[in-house]
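K.L.:
Now for the letters of each chain:
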Amino acid sequence: MTLDLILFLILSLIAIATALGMLLSRNAIYSALFLVLNFTTVAVFYLLLGAPFIAMAQITVYAGAIMVLFLFVIMLLGAESLPKAEVLPWQKPLAGILSVALALEATFLFITRARPAGNIVAPAETANMMDSLREMSMMLFNQYLLPFEVTSVLLLVAMVGAIVLTRRERRVHQ
Amino acid sequence: MFLAEPTHSGFFFLAPWLVFAPVIGLLINLIFGKRFSETMIGTVASLASGAAFVISVLLAYSISVNHGELVRWQLAEWIHIGDLQLDWTFRVDSLSTTMMLIVSGVGTLIHIYAIGYMHEDVRFKHDVGRYRLFFIYLNLFIAMMMILVSGDSYLMLFVGWEGVGLCSFLLIGFWYEMDTLGRPSLANSNAAKKAFIVNRIGDFGFLIAAFIMFWAFGSFQFDQVFEAAQHAAPGTILAITLFMLVGVAGKSAQIPLYVWLPDAMAGPTPVSALIHAATMVTAGVYLITRSAELYTLAPQAQYIVALTGAVTALFAATIAVGQYDIKKVLAYSTISQLGFMVAAVGMGAFVAGMFHLITHAFFKALLFLSAGSVILGLERGHHHAEHAHRGKGKKGKHALSKVEGRKEERSHEAQEEVFDPNDMRNMGGLRKTMPVTFWLYIIGTLALAGVVPFAGFWSKDEILLDASLRYPIVYWLLSIAAFFTAFYMGRQIWMVFFGEPRHGAALHAQESPRVMTVPLMVLAFLSLVGGALNLPFEGFHNLGHWLEYTLHEVEALPLNYAVAGISTVLALLAIAASWYIYGRNPLRAGEIDPLKRRLGAIFTGAENKWFVDELYQAIIVTPFVKISQFVADVIDWRFWHDWFHETVIAGTYNWVSNIALNRYADQRGIDAFANGLAGVTQWLSATMRRIQNGFVRSYALSVLLGVVLIVGYLILK
Amino acid sequence: MVPINYYIILSAILFTLGVVGVLIRRNALIIFMSVELMLNAANLAMVAFSSVIQSFSGQIFVFFVIAVAAAEVAVGLALIVEIFKTKRSIDVDQMSSLKG
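Protein chains in written order, with our numbering: chain A, 1 to 174; chain B, 1 to 717; chain C, 1 to 100.
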């Protein structure tokens, strides 16, 4: 039982718990906040895995921007309103069964087919953060330049789309 | 096509023109006749018939030049199927040229006579336009008769046989819409039908004979048949000859198929003369003469033929005694004389039979045409009397317009009873008003009665002689018939020409024009000298020698004074008896026939033709009609049509199509299946539609389901 | 010394939880958040693998995923807002006009 393992277990518990919290919470704001916590935990995981940039990106973009956006919309649209009646009564049990089936399948695959793939090396054994960042940016702007540019266009498109979608139609008559 | 050897000289190539000349004549009249005058039509027809006569003369001359040798001229191939070869071939030998001469010769004279007769007849019957049709039919008849006598096989003979039967029908029913007195009636057309139907029965016999002949000998051609017959079974020959006798009985009016001939007097008089005296009815005699070789091989058939002829001769003669219609007397006389001829050829006396055929053609045509002259004379007198009576001053002889004429007739009839110009009781004293006709009639009567030296004496005497030598019973029957013959002819003379006119028409009767009387004079001359054809003296057997070329066996008998004497005495006795009864006290108007007073029921029987027609009606016609009605109504209509066709067939069909196929197979079966398919599809789609419930979550669930299944499949693989 | 398998298991668990969330919740926003959770689980697995094979490709990929996720959220939320304007509700069960 090394420290890595203990840390991992604690963090994974937190991650799962927050995920469950997000799922089961009645209040949408609570769900969003649970998710924020989840993202933060995952960011710590990234750190453990030696991906500092991604960890920062995760916190900045995911937890910082996306979830804030979510919270804005939740506040805008109001909290979860109580359902009138369950329209699809068979949905929940079936979903549960199928999810369990999926999980079991994954487990089965994992147990029978997975090969020992190696251990995660602690971050101390890798290069320091600036080096890894330099390496990554070298890769990003040399090999993956095209996807990078396309992604920027995509962001532009998304922005335009968001604006167009929420534009108020100007009524011409009267 | 020229079957005769080139060494024959002569006019044999003209043979087909025997048939074609009358055909051309009839075609000219048919196509252009409407534009011709009556004289023109008659002239064309007479020329056509005359051309046939000239050709017959030339052919006869050619035969005699060639020593009577037979010449066969093939005109066309008719039926060639495999081994079966039936051709249209002309047979020119002494027998056929004899017939050709008679038919065309007497025929031409009658054509000329008819020019005048029909001119008046169409005016008395008020249909001038029908003049041309008469001559078309007459030419057609000559053509058909020529085919009959010139045919080289039984088949061609039968073609002509049927053809003359057709012409007989057409000509008897010439005035089809009226009866002899001109009243609207079915009488004439019924007479024509009767002739045709009774002839058909005879034709049936002929056909059976022809079939047996073909089946046994394999050919219709005369020479081949006669050759094969020499080796045939006697039963076959007997059957052929007896069935041929049935045909002869039909065509030549023997018992029991003679009943059509008296009714055939409904036709115009030239028709009666030509067809029913001189030519068509003699076809049967010609047939037997032609088939001489067959008959000589069947002695039993010969006996039956001879008996049939003799009995017919006597039977018809008795009926003739009681008839009042001038033409009916002559009709029964014809039947009787035909009986003489048939008896003769039946006995094997072919020359005698042919001789009598020739002389009978002369004097019977003469008698019929003279009777026509008398009838027209009465008609003229009737019209003359009517208009004189009415004071109109119009001569009845001249043509009245159709409409006027009908009006006159109707108004006449409205005032008095219908006038029958044929009835001898309306005649009397005509020798004064119609002298030419009178003398011609006398000549014809004496010839028929068999008074020497007229033609009839020689021919009849020869028959009697032959009969006395072969079948005595036939001799006695024929002698008695000869007695009656002379008697009824005498009766006719006294009633028609002597005494006082019994009717206004007879009083005002007028003589016939020359176009009618001149042919009669020719015929009278022939009746006078015709005996020279075959006088029973050595060196004068002309006809015998002539026919010997064809018949090969001819017995030339010398005159037997006993037989001749007996027959002459009988004839004179009969004439005296008729004078005693009819001539001494001439009949006055309205009186009953004196013979009726004396014989009563017997005379009534003779007057009613011994009720033979009524017998036939009861035994044959009425049951036949009843059976055919039964077959038509019950069997054909009720059973076959109503039950079988309607109920069984139509009903079954309807059931099958409607119930079985439509309802069960189609509606419940196929439709149900097709509709069921559609229904299943509908049900399926209705069911599947519910998957699209619009809920995103269920769609996501189905995605997850798919993922699980696929992954599961991949795991298990 | 954490074996990579543990990270994979964790990723699988998070993913399954995300799937369950999509299926069970009726609030459109919660569903959307569950989708983000799923994306996150995938990112985690990706980074774990990248760490094992000592390559930056996985991280680069995750970089792009995060960028695209951001864009997607922007547009998605805009759509949800639009739907709310019409339906006055964000219950996905109410958005069933396309039912067959």
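Heads up, some of the hints might be wrong.
Stated by the list, open to error - Under the rule of at most 30 Å between Cα atoms (straight-line distance), these lysine-lysine pairs were calculated in the DSS-like manner:
no., chain 1, residue 1, chain 2, residue 2
1, C, Lys99, C, Lys85
2, A, Lys92, C, Lys85
3, B, Lys626, B, Lys432
4, B, Lys432, B, Lys125
5, C, Lys99, C, Lys87
6, B, Lys193, B, Lys626
7, B, Lys432, B, Lys596
8, C, Lys99, A, Lys92
9, C, Lys87, A, Lys92
Said to hold, decoys possible - One side only, chain C facing chain A, incomplete, derived with CB under 10 Å:
no., residue
10, Tyr6
11, Val19
12, Met33
13, Glu36
14, Phe56
15, Ala71
Unchecked claim - Derived DEER-like restraints, expressed as beta-carbon distance ranges:
no., chain 1, residue 1, chain 2, residue 2, range
16, B, Leu716, A, Phe141, 14 to 24 Å
17, B, Ala686, A, Val153, 43 to 53 Å
18, B, Leu709, A, Leu3, 38 to 48 Å
19, C, Lys87, A, Leu3, 47 to 57 Å
20, C, Ser97, A, Val44, 41 to 51 Å
21, B, Arg690, C, Ser55, 41 to 51 Å
22, B, Leu709, A, Arg113, 17 to 27 Å
23, A, Met56, B, Leu714, 33 to 43 Å
24, B, Gln692, C, Ser55, 56 to 66 Å
Derived by calculation from the structure, the hints in this document are not laboratory data.
Every value quoted in this text rests on a predicted model; they were computed, and no experiment measured them.
For glycine and all other residues, C-beta sits at the position ideal for the given N, C-alpha and C.
K.L.:
Each hint should be assessed against the structure and marked as holding or not.
P.N.:
To see whether the hints hold, each was checked on the structure:
1. Between C/Lys99 and C/Lys85 the CA atoms are separated by roughly 21 Å; this keeps the pair inside 30 Å, and the hint holds.
2. Of the supplied pair hints, the one linking A/Lys92 and C/Lys85 holds, its CA atoms being roughly 28 Å apart against a limit of 30 Å.
3. With a C-alpha separation of about 54 Å, the suggested pair B/Lys626 and B/Lys432 falls outside the 30 Å cut-off, and the hint is violated.
4. Distance hint between B/Lys432 and B/Lys125 is fulfilled; the C-alpha atoms sit about 27 Å from each other, no more than 30 Å.
5. This hinted pair checks out: C/Lys99 and C/Lys87 have alpha carbons roughly 16 Å apart, not beyond 30 Å.
6. Distance check on the hinted pair: B/Lys193 and B/Lys626 sit about 19 Å apart at the alpha-carbon level, within 30 Å; holds.
7. Among the hinted pairs, B/Lys432 with B/Lys596 is consistent with the structure: their alpha-carbon atoms are about 28 Å apart, no more than 30 Å.
8. Under the criterion of a C-alpha separation no larger than 30 Å, the hint pairing C/Lys99 with A/Lys92 is consistent with the structure, at around 20 Å.
9. Straight-line distance between C-alpha atoms of C/Lys87 and A/Lys92 comes to about 24 Å, which keeps the hinted pair within the 30 Å bound.
10. Checking C/Tyr6 against chain A by beta carbon gives a least distance of about 6 Å; that is within 10 Å, so the hint holds.
11. For C/Val19, the shortest C-beta to C-beta distance to chain A is roughly 6 Å, which falls under 10 Å, so the interface hint holds.
12. Evaluation of the C/Met33 hint against chain A yields a held restraint, the C-beta minimum of about 5 Å falling below 10 Å.
13. Taken as an interface hint, C/Glu36 checks out: its beta carbon lies about 7 Å from the nearest beta carbon of chain A, inside 10 Å.
14. Proximity of C/Phe56 to chain A holds as hinted, the smallest CB-CB distance being about 5 Å (cut-off 10 Å).
15. Annotation: C/Ala71 was flagged as interfacial toward chain A, and the flag holds, the nearest CB pair being 3 Å apart, inside 10 Å.
16. Here the CB-CB span from B/Leu716 to A/Phe141 is close to 46 Å, at odds with the stated 14 to 24 Å.
17. Checked against the given bound of 43 to 53 Å, the beta carbons of B/Ala686 and A/Val153, roughly 47 Å apart, stay inside it.
18. Between B/Leu709 and A/Leu3, the C-beta spacing of about 42 Å keeps the proposed range 38 to 48 Å intact.
19. Checked against the hint of 47 to 57 Å, the pair C/Lys87 and A/Leu3 passes, with Cβ atoms roughly 52 Å apart.
20. At roughly 44 Å, the beta carbons of C/Ser97 and A/Val44 sit within the given window of 41 to 51 Å.
21. Taking 41 to 51 Å as the suggested C-beta distance range, the pair B/Arg690 and C/Ser55 conforms, at roughly 49 Å.
22. The supplied range of 17 to 27 Å is met by B/Leu709 and A/Arg113, whose beta-carbon atoms lie about 18 Å from each other.
23. For the pair A/Met56 and B/Leu714, the beta carbons lie near 37 Å from each other, so the given range of 33 to 43 Å is met.
24. The supplied range of 56 to 66 Å is broken by B/Gln692 and C/Ser55, whose beta-carbon atoms lie about 45 Å from each other.
Figure legend: structure checked against the earlier numbered hints; hints not met, in rising order: 3, 16, 24.
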